[in-house]
Amino acid sequence: MSGTVIEIVRTKGDEPETVGRAVYEHPLVVRWCHWLNAISLFVMVGSGLQIFRAFPSFGAKIPQKDLLSWPKSFAIGGWLGGALQWHLTFMWIYIATGVIYLGYQIFSGNYRQVLFTDRDIPGVWPMVKHYFFFGPKPEQPEAYNPLQKLAYTSGIGLGGLSVLTGLAIWKPVQFSWLAWLMVGFHWARLWHFVVMWAILGFVLGHLVMVVLHGWNNFVSMLTGWKKDPEY
Amino acid sequence: MEPENDKPGANKAETEAKPVEGRVASEGGEARVVAGGGPRMAPRRMNERRFAEVSRRELLKVVPVLALGAFAIPSFQESLLKKGLGFSDWASERLFRSGHLAPTFADGEVTPFEKFPINGYDVDDPGVDFANWSLTVSGAVKKPGDYRLSQIQALPKFRQNTRHVCVEGWDVIGRFGGARLSDFLTMIGADTSARFLTLGCADDYYESLDIGTALHPQTLLCYEMYDRPLTREHGAPLRLNIPTKIGYKQAKYLTDLKVTNVLEKVGYWEDQGYSSFYGL
Numbered sequence: 001m002s003g004t005v006i007e008i009v010r011t012k013g014d015e016p017e018t019v020g021r022a023v024y025e026h027p028l029v030v031r032w033c034h035w036l037n038a039i040s041l042f043v044m045v046g047s048g049l050q051i052f053r054a055f056p057s058f059g060a061k062i063p064q065k066d067l068l069s070w071p072k073s074f075a076i077g078g079w080l081g082g083a084l085q086w087h088l089t090f091m092w093i094y095i096a097t098g099v100i101y102l103g104y105q106i107f108s109g110n111y112r113q114v115l116f117t118d119r120d121i122p123g124v125w126p127m128v129k130h131y132f133f134f135g136p137k138p139e140q141p142e143a144y145n146p147l148q149k150l151a152y153t154s155g156i157g158l159g160g161l162s163v164l165t166g167l168a169i170w171k172p173v174q175f176s177w178l179a180w181l182m183v184g185f186h187w188a189r190l191w192h193f194v195v196m197w198a199i200l201g202f203v204l205g206h207l208v209m210v211v212l213h214g215w216n217n218f219v220s221m222l223t224g225w226k227k228d229p230e231y
Numbered sequence: 232m233e234p235e236n237d238k239p240g241a242n243k244a245e246t247e248a249k250p251v252e253g254r255v256a257s258e259g260g261e262a263r264v265v266a267g268g269g270p271r272m273a274p275r276r277m278n279e280r281r282f283a284e285v286s287r288r289e290l291l292k293v294v295p296v297l298a299l300g301a302f303a304i305p306s307f308q309e310s311l312l313k314k315g316l317g318f319s320d321w322a323s324e325r326l327f328r329s330g331h332l333a334p335t336f337a338d339g340e341v342t343p344f345e346k347f348p349i350n351g352y353d354v355d356d357p358g359v360d361f362a363n364w365s366l367t368v369s370g371a372v373k374k375p376g377d378y379r380l381s382q383i384q385a386l387p388k389f390r391q392n393t394r395h396v397c398v399e400g401w402d403v404i405g406r407f408g409g410a411r412l413s414d415f416l417t418m419i420g421a422d423t424s425a426r427f428l429t430l431g432c433a434d435d436y437y438e439s440l441d442i443g444t445a446l447h448p449q450t451l452l453c454y455e456m457y458d459r460p461l462t463r464e465h466g467a468p469l470r471l472n473i474p475t476k477i478g479y480k481q482a483k484y485l486t487d488l489k490v491t492n493v494l495e496k497v498g499y500w501e502d503q504g505y506s507s508f509y510g511l
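So the sequences go chain by chain: A and B.
Using our numbering, the letters of the first sequence map in sequence onto residues 1 to 231.
Using our numbering, the letters of the second sequence map in sequence onto residues 232 to 511.
These are computed hints drawn from the structure, not numbers from a lab.
The beta carbon of each residue, even a glycine, is placed where N, CA and C say it ideally should be.
Keep in mind that the hints are not guaranteed to be accurate.
Part of the chain A face toward chain B, derived, beta carbon under 10 Å [what the hints assert, rightly or not]: (1) P16; (2) V19; (3) V43; (4) S57; (5) L80; (6) I93; (7) S176; (8) K227.
Straight-line distance between alpha carbons at most 30 Å, and here's what the computed DSS-like set of lysine-lysine pairs gives [as the list claims (entries may be wrong)]: (9) A:K171 x B:K489; (10) A:K171 x B:K388; (11) A:K171 x B:K496; (12) A:K65 x B:K346; (13) A:K72 x B:K314; (14) A:K171 x B:K314; (15) A:K227 x B:K292; (16) B:K346 x A:K72.
Extracted from the complex, chain B is given alone in its bound form (with noise of 0.2 Å):
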């Protein structure tokens, strides 16, 4: 620091007193520019108190960047993070496009039924009753009640080699098989301008969608994978398959599905932290 600086008075009777040097001591920004960028042509003057002057505050116009230091206080930084995920999320839904297929792929290039890997959050196989499993359905539809496995197999079938993508940053590309969740959704009466589907599990395991990707054409009800039904570890009797969401939106074990305007919880993970809307 130099007080003198500071002085208003201090430079001024320097320029008064010096008229050449007062009109080249005006502002750096309206000094002249020297062809070339270099120093060849005679540059201007610029007293060195001003001098000090200007870069103080050229100094002090970088310092809202430090602003961003709002991230390292613990008690802003949950929302603000939340708030860039919610953000990151808006764009996602932004860029889902209701027409645009996942890229399907060769029966050649499927990874081996042995090598796609199984996650649950909890346990590998909840003990679903396949005898006297249903499918309960609630909310904005027409037709409430239970569905029982061969109703949703009487409705197309559809088959397809899609990527499957953990969040954990692994991929697989696996074949399944099952009925499109918008045939499923017609057969209920569900309400299409409904905003959500919530899904509950046998292992309490929970998700929701939103409505565009629930009515996407490759968004199967998935009783098959690798022509062969469902094996508990892979979601039994029934589960979700999105080629065009994150791994663990596809939620396995299905119980229980509700067409509504109003998400109570987002997801199991999505609670935890996680993205909300996850489209790839």
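Next up, chain A with everything else stripped away, as it sits in the complex (with noise of 0.2 Å):
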């Protein structure tokens, strides 16, 4: 169960001397979804650039005004067939990878770890002052911090949008009502692309923090211990 902390401890002659410390953070239901998520969202964003690379505009056909001309070397798939084919199998690891951790973390109650709520706006500011404008370090009694929490809180919801964005581009009938909600199947397929940014943002900013907070942090999203946590 995620919290649980031990005491490591080494024990030469007849006194354990204790050398460490460390904390069960992640159960495996979101090892496992952590990872198969990474996968999947990697494969989603490298064939949507290929399936964007098919008509990279989001005005009108006649006359076409490309946006950017994406590089096909950085894009999954070769062609645009190709490139759908990864993006509609990949999207139900994506899509179930998130209901699974989202089930997961409301069921055993592990969400209170990570979710955002209004408590943690105090404790926004002084996080984005240590960050980015070398104020002092707050105190951290819990495993996130609120501005981790709101990243990740953030980053779960763009998950969400980027799934019915896909979902009233791919079923603008079925779903009719979904993609009216985006103004329509023609922007929808700009807030499809829109949120794949968001998330790529959200992506390199955890991948910072990950290389800045070292190798313990980073072993924990795959053993589930933090070895000598900071809290």
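With the hints as a guide, dock the two chains, each given alone in a separate frame, to form the complex.
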């Protein structure tokens, strides 16, 4: 169960000597979902950009004004049909990891560790000052600080939006109400694209923080255990 | 790797020698949960070698995720992606509702005719001889044979402003007119318990439709766009207009229609690797 704390001891002679601590932060379900989601997100973005290459615009086909010419080498699938195969295959993995993760978080109560709520609001600005403006480091009594909670909660929200906007493009007739909510099919395609960049922004921030937080933090998403946590 | 951890006796000897530690050196999962997730209460203790073992075991539990790497193996990739696409088609067919209509639009929202893109797989004009044109009907029908355009035009005419969505990503709202395919199927005495319709075209393009979509009230044998007879680039004299399907399923320059239970070929683009069902 997440939150479990242990003291790591070394036994030499009679007295056990404490050499470190560890917290079980990430249950197996979360770790599975995290890595499967990371792989599927990579494929969804890569194949999505190849799909975008078929019509790199959000305006009319006639006259067409291309928004950007995305290089083929930074895309997956090789051609539109190939990219659609990747996209329509990995979307199921992407959706499944999201649904299982959310279900698990809610069912287990583990969401309390990461869900941003109103009581986290006062803690956001001190963390921003610390991260970006050399402010003092606020005390951290929990696994996730308020800014982290905000980032992860928004990241998960963006994941949900990526599915909904995608569904509106894929099935604009069966889910016409979704397309309608997004001001129509034509706009849903733009929102899908915008949400992708927002998710990539989240991923970039996430990766930077992983590098800054060091090895033990990275290992915790593999083994579940975070050795010598800061809190 | 620390080889001493693999010796089964090592930990056992320790835990037996120190009963207090032996109790706490159990599975990580059995250790006490600390209130509030913080480390304020006295934590349980675990021998460092035991911790290394627990960590390694937890790591191994994550390894199956690498099975997704099968997608990177060229010999597996094609069949895996085909299965994924097949699953999406299966789901698409489940999502299709025969009574659910595609959105329709006001005349003012229709894209001007000259801005309606023309996509052909081969030529914009396969040179159909209109005077001698007919639609050849075969398969599970009571009245097979050649049908002239006037026979199709004698059926009740429907007009609709619907969205035409291309697999490339663009979309336009067009104005289409024609006979309901379902009315035509009734006229030819089609066996509607058959599963598919296959369609042949003057430019050698070919397509197929599930019977559910063929019977949908918005599926038209279209001979008019923008209240004028179809132009050659848009598929004259007869094309499909199916607001519940992606563009490439809406074949132009129709020449053949067959009602069948067996699909030998799905469609030109489908056989290149595109989705077979692609319902919107």
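Against the structure shown, which of the earlier numbered hints fail to hold, in ascending order?
Hints that this structure does not satisfy do not exist here, as all of them hold.
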